[in-house]
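2 protein chains.
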Amino acid sequence: MKIESVDFFYLSMPEVLDVGDGSQDALLVRIRAGGHEGWGECEASPLTSIAGYVCPMSHSGCKPVSWALDGMSLTSVNDIYKINQRVHENCFDLLQADHILSGIDIALWDLLGKIKQEPVFALLGYSQSYPKLPYASQLFGDIPEETFQKASESKKQGYKAVKFGWGPIGKLDAKTDREHFQAARKGLGSDLFLMVDIGTYWGEDTGKAKQRLQFLKEANVYWLEEPFVNMSLEAYKNLSCATPHVSLAAGEGCNNYHQAVAMMDYAGLKFIQIDTGRVGGITAAKRIADRATVQNITYVNHTFTSHLALSASVQPFAGIKDSRVCEYPVEARALANEITKEKILPNESGELVLSNKPGLGLSIDTENLKKYLVETEIRVKGKLLYKTPDL
Amino acid sequence: MKIESVDFFYLSMPEVLDVGDGSQDALLVRIRAGGHEGWGECEASPLTSIAGYVCPMSHSGCKPVSWALDGMSLTSVNDIYKINQRVHENCFDLLQADHILSGIDIALWDLLGKIKQEPVFALLGYSQSYPKLPYASQLFGDIPEETFQKASESKKQGYKAVKFGWGPIGKLDAKTDREHFQAARKGLGSDLFLMVDIGTYWGEDTGKAKQRLQFLKEANVYWLEEPFVNMSLEAYKNLSCATPHVSLAAGEGCNNYHQAVAMMDYAGLKFIQIDTGRVGGITAAKRIADRATVQNITYVNHTFTSHLALSASVQPFAGIKDSRVCEYPVEARALANEITKEKILPNESGELVLSNKPGLGLSIDTENLKKYLVETEIRVKGKLLYKTPDL
Numbered sequence: 016m017k018i019e020s021v022d023f024f025y026l027s028m029p030e031v032l033d034v035g036d037g038s039q040d041a042l043l044v045r046i047r048a049g050g051h052e053g054w055g056e057c058e059a060s061p062l063t064s065i066a067g068y069v070c071p072m073s074h075s076g077c078k079p080v081s082w083a084l085d086g087m088s089l090t091s092v093n094d095i096y097k098i099n100q101r102v103h104e105n106c107f108d109l110l111q112a113d114h115i116l117s118g119i120d121i122a123l124w125d126l127l128g129k130i131k132q133e134p135v136f137a138l139l140g141y142s143q144s145y146p147k148l149p150y151a152s153q154l155f156g157d158i159p160e161e162t163f164q165k166a167s168e169s170k171k172q173g174y175k176a177v178k179f180g181w182g183p184i185g186k187l188d189a190k191t192d193r194e195h196f197q198a199a200r201k202g203l204g205s206d207l208f209l210m211v212d213i214g215t216y217w218g219e220d221t222g223k224a225k226q227r228l229q230f231l232k233e234a235n236v237y238w239l240e241e242p243f244v245n246m247s248l249e250a251y252k253n254l255s256c257a258t259p260h261v262s263l264a265a266g267e268g269c270n271n272y273h274q275a276v277a278m279m280d281y282a283g284l285k286f287i288q289i290d291t292g293r294v295g296g297i298t299a300a301k302r303i304a305d306r307a308t309v310q311n312i313t314y315v316n317h318t319f320t321s322h323l324a325l326s327a328s329v330q331p332f333a334g335i336k337d338s339r340v341c342e343y344p345v346e347a348r349a350l351a352n353e354i355t356k357e358k359i360l361p362n363e364s365g366e367l368v369l370s371n372k373p374g375l376g377l378s379i380d381t382e383n384l385k386k387y388l389v390e391t392e393i394r395v396k397g398k399l400l401y402k403t404p405d406l
Numbered sequence: 016m017k018i019e020s021v022d023f024f025y026l027s028m029p030e031v032l033d034v035g036d037g038s039q040d041a042l043l044v045r046i047r048a049g050g051h052e053g054w055g056e057c058e059a060s061p062l063t064s065i066a067g068y069v070c071p072m073s074h075s076g077c078k079p080v081s082w083a084l085d086g087m088s089l090t091s092v093n094d095i096y097k098i099n100q101r102v103h104e105n106c107f108d109l110l111q112a113d114h115i116l117s118g119i120d121i122a123l124w125d126l127l128g129k130i131k132q133e134p135v136f137a138l139l140g141y142s143q144s145y146p147k148l149p150y151a152s153q154l155f156g157d158i159p160e161e162t163f164q165k166a167s168e169s170k171k172q173g174y175k176a177v178k179f180g181w182g183p184i185g186k187l188d189a190k191t192d193r194e195h196f197q198a199a200r201k202g203l204g205s206d207l208f209l210m211v212d213i214g215t216y217w218g219e220d221t222g223k224a225k226q227r228l229q230f231l232k233e234a235n236v237y238w239l240e241e242p243f244v245n246m247s248l249e250a251y252k253n254l255s256c257a258t259p260h261v262s263l264a265a266g267e268g269c270n271n272y273h274q275a276v277a278m279m280d281y282a283g284l285k286f287i288q289i290d291t292g293r294v295g296g297i298t299a300a301k302r303i304a305d306r307a308t309v310q311n312i313t314y315v316n317h318t319f320t321s322h323l324a325l326s327a328s329v330q331p332f333a334g335i336k337d338s339r340v341c342e343y344p345v346e347a348r349a350l351a352n353e354i355t356k357e358k359i360l361p362n363e364s365g366e367l368v369l370s371n372k373p374g375l376g377l378s379i380d381t382e383n384l385k386k387y388l389v390e391t392e393i394r395v396k397g398k399l400l401y402k403t404p405d406l
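Each protein sequence line maps, in turn, to chains A and B. Numbered by my numbering, the letters in the first sequence go through residues 16 to 406 in order. Numbered by my numbering, the letters in the second sequence go through residues 16 to 406 in order.
Some hints here could point you the wrong way.
In this list, chains with the same sequence are indistinguishable; a pair is considered to hold if it fits within one copy or across any two.
[Claimed, not checked] Calculated cross-link-like contacts (lysine-lysine; reagent style BS3-like; alpha-carbon spacing at most 25 Å):
1) Lys186 / Lys232
2) Lys97 / Lys186
3) Lys385 / Lys396
4) Lys396 / Lys386
5) Lys97 / Lys223
6) Lys372 / Lys170
7) Lys386 / Lys398
8) Lys190 / Lys356
9) Lys225 / Lys186
10) Lys402 / Lys385
11) Lys285 / Lys252
12) Lys175 / Lys402
Don't read these hints as lab results, they were simulated from the structure.
Construct all of the structure, not just a fragment, from the sequences and the given hints.
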């Protein structure tokens with residue numbers, strides 16, 4: 016059936032703070048066809064992405080992303096692949112395109128699921144969705160005692176895996192970092208998974224990372240995440256060969272399949288972390304998950320925002336039994352929490368199970384979201400190219 | 016001295032056609048400090064890049080690029096490095112950022128050159144600028160006879176090197192492609208350099224490429240350019256090991272240092288082609304040129320637009336004597352030709368020599384460009400974030 020409309024909605028908390036919390040604003044995509052509607056979310060700068068959707072053509076390889084959807088139909092997964100291909104072939108010089116495509120592709124899968132009355136993971140070819148072990152993701156405390164308190168609290172809440180990141184880590188001396196790692200481990204006890212996230216803070220500085228390996232090992236860290244900037248293959252590879260060995264995780268910054276493959280082939284990773292809202296959507300993410308399986312690398316979602324983003328990020332590896340761990344947003348702002356009417360909650364075993372409902376299995380709370388709408392207007396040569404549509 | 020203003024100007028031909036010609040619009044950046052002004056050009060979607068410069072902050076790692084320049088000074092090259100670092104550390108989740116930074120970084124180098132009364136290549140540490148051999152870049156003809164005519168014409172014009180690309184190549188059978196390669200070689204004679212550019216048309220299909228290797232070899236092709244999409248390292252590596260051996264060139268799609276390094280390390284390239292207007296500017300390009308030299312890979316500029324872009328793209332390898340070949344725009348539209356008052360023309364030996372004037376050595380023809388200005392307005396929550404400034 017013919018795609019009737021594609022609409023972008025820029026939502027934001029009243030105040031956006033200068034902190035590492037990506038749930039303070041959101042860019043939703045709504046696509047309608049044949050009486051159904053699908054929803055997606057771009058993990059991206061909303062205004063920049065809207066501009067890249069409506070911008071005038073610069074040349075044949077730098078077209079607005081809207082061009083790739085114009086006149087298209089949606090009846091099968093091949094139609095989604097065709098739209099992906101049209102974006103890649105016609106927008107390769109529009110750098111923002113992958114982030115824009117991400118939300119569109121997610122909305123297309125949701126929509127197709129609703130048309131066919133199947134969950135997305137089934138459309139992706141998985142015969143079932145396996146339970147995942149959600150890990151709580153949070154900031155290190157300012158002092159080790161605070162890190163200990165946070166870890167104890169997460170254990171009390173029943174989490175079997177916890178990730179600490181950012182905060183003071185890497186910014187002071189290695190001894191202080193060691194105290195934080197030990198405080199986290201002490202708070203969690205010996206059985207829980209503990210992960211550490213540097214948030215690319217060390218740039219390409221392998222020296223700083225190597226100073227901490229022994230301390231990470233002592234705390235029995237399951238993985239060390241993003242010690243370096245995305246695509247700094249040499250620094251990653253170098254660290255992956257160092258002793259003592261600590262498993263490396265990265266990939267959330269990848270904005271297409273090829274970058275993720277480069278990271279899997281040459282960065283020495285044990286875990287590849289993909290954000291469906293950035294990598295080009297569910298289509299690109301599934302292709303990466305397939306390849307990760309062949310290479311014996313564990314696929315993990317990256318999700319820090321809404322349950323719409325969570326469902327979209329888990330579907331691509333829902334059917335991979337051995338990819339057990341799943342990032343679970345626990346500190347998201349009100350906006351992100353209010354996007355969907357339903358939530359994906361851990362069951363009594365503490366595991367996450369995707370719904371079998373059509374599409375992404377969630378409905379959007381449009382009435383409630385109106386208060387977060389950011390009215391936006393773009394005019395070029397006097398012509399209105401974008402104005403916030405009705406939600 | 017304090018940076019007083021940073022202004023973006025979106026320029027366009029009255030009509031933009033759906034052809035592979037990136038000179039149909041332009042995004043210029045003007046930066047002023049202490050009575051001087053510097054100019055740069057982004058090889059990017061103008062509207063999308065302007066939006067990424069002024070967009071509201073999403074979180075600490077997704078700030079508008081303008082944030083990185085706020086309150087900054089420019090007195091030394093270290094100030095440029097500092098601004099680059101601020102963009103990378105604060106805008107890493109804004110995908111478009113590298114394309115925006117490109118024009119800003121170029122304008123900063125131009126401005127610093129004017130403040131210090133030195134050409135950019137001298138600021139980059141080169142004791143002199145070596146002559147380059149410009150190659151004319153053009154489309155294949157629709158039929159082999161037309162390709163022959165174009166090649167003969169370029170030879171008559173005195174070019175020592177010619178690149179043919181796009182058009183029918185790769186889209187029909189290998190036999191037709193062979194006739195085009197032979198027609199191009201026949202038109203150029205045996206002494207001139209002939210390059211062939213596929214413009215990523217083969218995606219990741221190494222089979223199609225391998226079918227043509229023998230024919231490329233027969234025509235004594237100096238390099239085969241972009242047979243595959245950017246960052247498809249596996250396809251490139253595979254082709255680079257195939258026989259008969261044809262040297263590979265690629266890299267114009269890289270939007271940062273790390274991607275270029277990945278291509279140099281793992282794609283089996285003999286030539287790395289960098290567009291200063293996309294890769295993050297002169298700063299990133301120079302770092303890539305330094306590394307290419309160590310790895311015995313030949314650095315080549317990618318330039319298809321103005322002489323401002325040409326100067327900015329040649330400066331980073333101006334002092335590398337062995338990197339002889341230089342892409343030279345010969346089919347640019349009126350807009351691109353009218354951006355600078357001066358042109359960088361081949362001398363009587365057919366060689367290109369950069370000017371010793373301060374900065375990029377060119378002045379902008381602002382009066383003449385007013386007719387190309389695209390009036391643009393962006394409003395968020397009723398607040399005017401961008402309006403085309405006075406040129």
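Hints, verified against the model:
no., hint, result
1, Lys186 / Lys232, "within (19 Å within a copy, 55 Å between copies)"
2, Lys97 / Lys186, "between (46 Å within a copy, 18 Å between copies)"
3, Lys385 / Lys396, "between (30 Å within a copy, 14 Å between copies)"
4, Lys396 / Lys386, "between (31 Å within a copy, 12 Å between copies)"
5, Lys97 / Lys223, "between (45 Å within a copy, 21 Å between copies)"
6, Lys372 / Lys170, "neither (31 Å within a copy, 66 Å between copies)"
7, Lys386 / Lys398, "between (27 Å within a copy, 18 Å between copies)"
8, Lys190 / Lys356, "neither (45 Å within a copy, 59 Å between copies)"
9, Lys225 / Lys186, "within (15 Å within a copy, 50 Å between copies)"
10, Lys402 / Lys385, "within (15 Å within a copy, 27 Å between copies)"
11, Lys285 / Lys252, "both (11 Å within a copy, 23 Å between copies)"
12, Lys175 / Lys402, "neither (45 Å within a copy, 52 Å between copies)"
The structure does not agree with the numbered hints 6, 8 and 12 stated previously, though it agrees with the rest.
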